[in-house]
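Engineer: One-letter residues, chain by chain:
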Amino acid sequence: EPEVTQTPSHQVTQMGQEVILRCVPISNHLYFYWYRQILGQKVEFLVSFYNNEISEKSEIFDDQFSVERPDGSNFTLKIRSTKLEDSAMYFCASSGERADTQYFGPGTRLTVL
Amino acid sequence: DAKTTQPPSMDCAEGRAANLPCNHSTISGNEYVYWYRQIHSQGPQYIIHGLKNNETNEMASLIITEDRKSSTLILPHATLRDTAVYYCIAPHTGANSKLTFGKGITLSVRP
Chain E
638 EPEVTQTPSH QVTQMGQEVI LRCVPISNHL YFYWYRQILG QKVEFLVSFY NNEISEKSEI
698 FDDQFSVERP DGSNFTLKIR STKLEDSAMY FCASSGERAD TQYFGPGTRL TVL
Chain H
15 DAKTTQPPSM DCAEGRAANL PCNHSTISGN EYVYWYRQIH SQGPQYIIHG LKNNETNEMA
75 SLIITEDRKS STLILPHATL RDTAVYYCIA PHTGANSKLT FGKGITLSVR P
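Chain order of the listed sequences is E and H. Residue numbers 638 to 750, in the working numbering, belong to the letters of the first sequence in order. Residue numbers 15 to 125, in the working numbering, belong to the letters of the second sequence in order.
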């Protein structure tokens, strides 16, 4: 069964450093998303992406964040200058042509020291 | 998204049916009800969704009341591996709609 994959599974970085989180969505999907979950808190929407453009973003997704689909398979989330409060699980999701059901990856645990 | 309300927790015995309720009294006519679950800190896992009719798949059944103001997710024979947080979500209809996760209901399956 096709699935969303994410790398790395765990990323440790120093405050102020740039990180890139990578996702490979399900191959024929057209809609892509990033969510995050701070430890013990709810899963929060960050951004949705379609046709090489951001469709919607939350208040969390400020100028420090960017997304890109650099090729036909990867979907990335970049945090330019990480802060301690960016420590969280980051989940990528994708959905197909009808943009209905979103399928999530296993997540990347980001730890900012 | 339509607001959904779930009790914070419930438990059931292994092998028994787990019935997880959800209220969504403000749901509009074309908004689906989705159920996801999250086991520990893993990515949310899609379970099932429905609009008006009851739905069944290999994981669960979804019963939606006729007025669509509430629904019940049924795990027919719960196992220990079904212990998780279950989320009932009613996203806005439309392409690329975000999912708004609440606190969900924590299901504990006891041996």
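Hints may be right or wrong, so weigh each one.
In silico PhoX-like cross-links for lysine-lysine, where the CA-CA straight-line distance does not exceed 20 Å [unchecked claim]: (1) E/679 to H/66; (2) E/679 to E/694; (3) E/694 to E/715; (4) H/66 to H/17; (5) H/66 to H/83; (6) H/83 to E/679.
Calculated directly from the structure, the hints in this document are not laboratory data. For clarity, every value in this text was computed on a predicted model and none was experimentally measured.
Engineer: Determine for every hint whether it applies to the structure shown.
Structural biologist: Here's how the hints hold up against the structure:
| no. | hint | result |
| --- | --- | --- |
| 1 | E/679 to H/66 | 28 Å, violated |
| 2 | E/679 to E/694 | 17 Å, holds |
| 3 | E/694 to E/715 | 14 Å, holds |
| 4 | H/66 to H/17 | 17 Å, holds |
| 5 | H/66 to H/83 | 10 Å, holds |
| 6 | H/83 to E/679 | 24 Å, violated |
Of the hints listed earlier, those the structure fails to meet are numbers 1, 6, in rising order.
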